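Asker: Full structure from sequences and hints, please.
Number of protein chains: 2
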Amino acid sequence: MDERKRQVLFSIVRDYIQTAEPVGSRTIARRYDLGVSPATIRNEMADLEELGYLEQPHTSAGRVPSDRGYRFYVDAIGGLPELTSAEAALVKKHLGGKLRGQELMLEATARLLSILTNYTSIVITPAQARPKLRLLQVIPLADHRAVVMMVSDNGVVANEVLTIPENLSFDDLAEICAYINYQYNNVSLDRLQFADFSGRMSARIEAFERAMDSLIANLERRESDRVVLGGATNILNQPEFKDVAKLRAILRVLEEHDLVFKLVRTSASNPASISIGAENPLEELKECSIITATYRFGGLKTGHISILGPTRMEYPRVIALLSFVSRFISES
Amino acid sequence: MDERKRQVLFSIVRDYIQTAEPVGSRTIARRYDLGVSPATIRNEMADLEELGYLEQPHTSAGRVPSDRGYRFYVDAIGGLPELTSAEAALVKKHLGGKLRGQELMLEATARLLSILTNYTSIVITPAQARPKLRLLQVIPLADHRAVVMMVSDNGVVANEVLTIPENLSFDDLAEICAYINYQYNNVSLDRLQFADFSGRMSARIEAFERAMDSLIANLERRESDRVVLGGATNILNQPEFKDVAKLRAILRVLEEHDLVFKLVRTSASNPASISIGAENPLEELKECSIITATYRFGGLKTGHISILGPTRMEYPRVIALLSFVSRFISES
DNA sequence: TTTAGCACTCACTGATAGAGAGTGCTAACA
DNA sequence: TGTTAGCACTCTCTATCAGTGAGTGCTAAA
Numbered sequence: 001m002d003e004r005k006r007q008v009l010f011s012i013v014r015d016y017i018q019t020a021e022p023v024g025s026r027t028i029a030r031r032y033d034l035g036v037s038p039a040t041i042r043n044e045m046a047d048l049e050e051l052g053y054l055e056q057p058h059t060s061a062g063r064v065p066s067d068r069g070y071r072f073y074v075d076a077i078g079g080l081p082e083l084t085s086a087e088a089a090l091v092k093k094h095l096g097g098k099l100r101g102q103e104l105m106l107e108a109t110a111r112l113l114s115i116l117t118n119y120t121s122i123v124i125t126p127a128q129a130r131p132k133l134r135l136l137q138v139i140p141l142a143d144h145r146a147v148v149m150m151v152s153d154n155g156v157v158a159n160e161v162l163t164i165p166e167n168l169s170f171d172d173l174a175e176i177c178a179y180i181n182y183q184y185n186n187v188s189l190d191r192l193q194f195a196d197f198s199g200r201m202s203a204r205i206e207a208f209e210r211a212m213d214s215l216i217a218n219l220e221r222r223e224s225d226r227v228v229l230g231g232a233t234n235i236l237n238q239p240e241f242k243d244v245a246k247l248r249a250i251l252r253v254l255e256e257h258d259l260v261f262k263l264v265r266t267s268a269s270n271p272a273s274i275s276i277g278a279e280n281p282l283e284e285l286k287e288c289s290i291i292t293a294t295y296r297f298g299g300l301k302t303g304h305i306s307i308l309g310p311t312r313m314e315y316p317r318v319i320a321l322l323s324f325v326s327r328f329i330s331e332s
Numbered sequence: 001m002d003e004r005k006r007q008v009l010f011s012i013v014r015d016y017i018q019t020a021e022p023v024g025s026r027t028i029a030r031r032y033d034l035g036v037s038p039a040t041i042r043n044e045m046a047d048l049e050e051l052g053y054l055e056q057p058h059t060s061a062g063r064v065p066s067d068r069g070y071r072f073y074v075d076a077i078g079g080l081p082e083l084t085s086a087e088a089a090l091v092k093k094h095l096g097g098k099l100r101g102q103e104l105m106l107e108a109t110a111r112l113l114s115i116l117t118n119y120t121s122i123v124i125t126p127a128q129a130r131p132k133l134r135l136l137q138v139i140p141l142a143d144h145r146a147v148v149m150m151v152s153d154n155g156v157v158a159n160e161v162l163t164i165p166e167n168l169s170f171d172d173l174a175e176i177c178a179y180i181n182y183q184y185n186n187v188s189l190d191r192l193q194f195a196d197f198s199g200r201m202s203a204r205i206e207a208f209e210r211a212m213d214s215l216i217a218n219l220e221r222r223e224s225d226r227v228v229l230g231g232a233t234n235i236l237n238q239p240e241f242k243d244v245a246k247l248r249a250i251l252r253v254l255e256e257h258d259l260v261f262k263l264v265r266t267s268a269s270n271p272a273s274i275s276i277g278a279e280n281p282l283e284e285l286k287e288c289s290i291i292t293a294t295y296r297f298g299g300l301k302t303g304h305i306s307i308l309g310p311t312r313m314e315y316p317r318v319i320a321l322l323s324f325v326s327r328f329i330s331e332s
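Keeping their order, the protein sequence lines are chains A and B. When we follow this note's numbering, the leftmost residue of the first sequence carries the number 1, and every step to the right adds one. When we follow this note's numbering, the leftmost residue of the second sequence carries the number 1, and every step to the right adds one.
A couple of the hints might just be wrong.
Claimed, not checked - Where chain A lies over chain B, by a calculated footprint (3+ residues, C-beta under 8 angstroms):
| id | segment |
| --- | --- |
| 1 | 138 to 151 |
| 2 | 234 to 244 |
| 3 | 258 to 265 |
If you're looking for bench data, these hints aren't it; they were derived computationally from the structure. All figures in this text were calculated on a predicted structure; none of them were measured in a lab. Here a beta-carbon is modelled for each residue, glycine too, at the ideal position from N, C-alpha and C.
Answerer: Listed below in structure tokens is the structure:
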């Protein structure tokens, strides 16, 4: 693979990324100044196809990069591309300023990434390991209602509004809570069992038990990794997915957050964090690429941000953007 | 509009709902036993078209119901259709059992509705009016961190994890909270201003101020109506939307939760809560129908559940399902 | 009033031809 | 020996056209 072949390959990749049309030898000769004639380029293209970097949709069409071609291109980009300062400023403007809490921040990130790239963005919130009970508390409200809330040792809070049953006073509830706090403090959430507990009270307090179950479920869910999508419908803009069947396959994957989660995880464990076409584990996404970056909140909890787009993706720009954003939110 | 015309119209509507193909006179004569010949039906069809209940895609095609035709059909269904007992059981199985808290419950509802109908479901969570501060509290965690949480008088909770600044002890924080609780108890959230407050302390506590702002924003957001979608991609299954341009228009609307919210609200204020085709305010949805039902949590807070599908929707079934589900979740 | 018959309309299908883009090969050239 | 011009060839794409079939509207008979 000599220098000129590289140039030809890169020209084709770049042109195809821009136009989504198979690229012919004449186009290359005209548009990129390689100083050789179309015929020469044709010869190089034939070689590149033989080597597996290019493909031909049909005999008399131009060439299209193969997954391998994109891979070569991406690996060759090397030294992290820089974001334009205009875009960097945009990121700072939208994600900087007043920090608005983890959840809102991550949603804003997902939205921003999808707008800037015109692809679909995926944000995975950081997960905690085996949360423990830190505090259970009731707070009275009007109309015989009360909030019950539960805090984990990671500071995650779940809450539930409860109508206080007839046979119970608010003070009774408070007493129960005090007992639970005493008994179960710092106990792993998955080992809490409230069902048998309320037998200690004179009467069973069904409403309360149910609220407890609900709280635990809720808390565990919040503790676990969540998936936030941005611009899921951006795929509709890509010409390669104007076929409804393909669209459906991809959107169905995006609806299944479990799948998305695993996908991003495998992509992230990749050293380079870029999965191109068939490299990624889901058949449905064999015409898509996924780029993933990792961020850290407070130096501890790690999550991921990804961009999902067609294999014909603007790799340098997306890589630059993701690495910038992940650094930015890690620092703030 | 005599009895036979009604029968012809209904047959066409039903057939078209099932097949999505323009319906011809012969088909009606064969498939529905009206006791008259195709020629007669043709005459009736011509009349119905003149009256605006039917449309013809082109001269030599069968007839398709117009919005007005669907409207007539829907109004004529009258006395609420009943859900099959099998489906009712399914609803009970998935939404009954242990009540798992409002949020999870509503998400489960959205999912269930979309699966049962194969259309897109929209769930609007109930809104509260002008929430007030009920309680602010800090809870210490390990590693110099603490949870700050804020509870509104409606029992909605927002929380934020805070790293306690060097120049502050946990007790300082607790004291600040005590002061705020004393000073601002039962004050409407939108009138809280913490920025000037911390000037009272010896040093400005920026981290704390920011956490407060974040909490308020978060709380207000949670208090407001939220939109939960189920099966947004089900639209892809409808033959009338195999055109990507139409799809994009609809999915874009669904991505804008503000729009969806207004849409459901206008639909719900409709007495019958059914918007057919051009009846509904968004141009993009002029080939869709929306059916909305209202539910109440705890007898107070009202929210909505809707189904969005093509105008060619299985109205009776969807109406039955929605009214059953809304009753079910209102009672539980 | 209903129905049978019939001419007419129009989308859809498949075949065919021509245009255009692009290739691969050969032979000439530097 | 590498590069280039020329040319035949391939294949898709588009337009055109005839044939088919579903369905209609009208007319006249029952």
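Asker: Does each hint fit the structure? Answer for all of them.
Answerer: Outcome of the hint check:
no.: 1; hint: 138 to 151; in the structure: holds (count 8)
no.: 2; hint: 234 to 244; in the structure: holds (count 4)
no.: 3; hint: 258 to 265; in the structure: violated (count 0)
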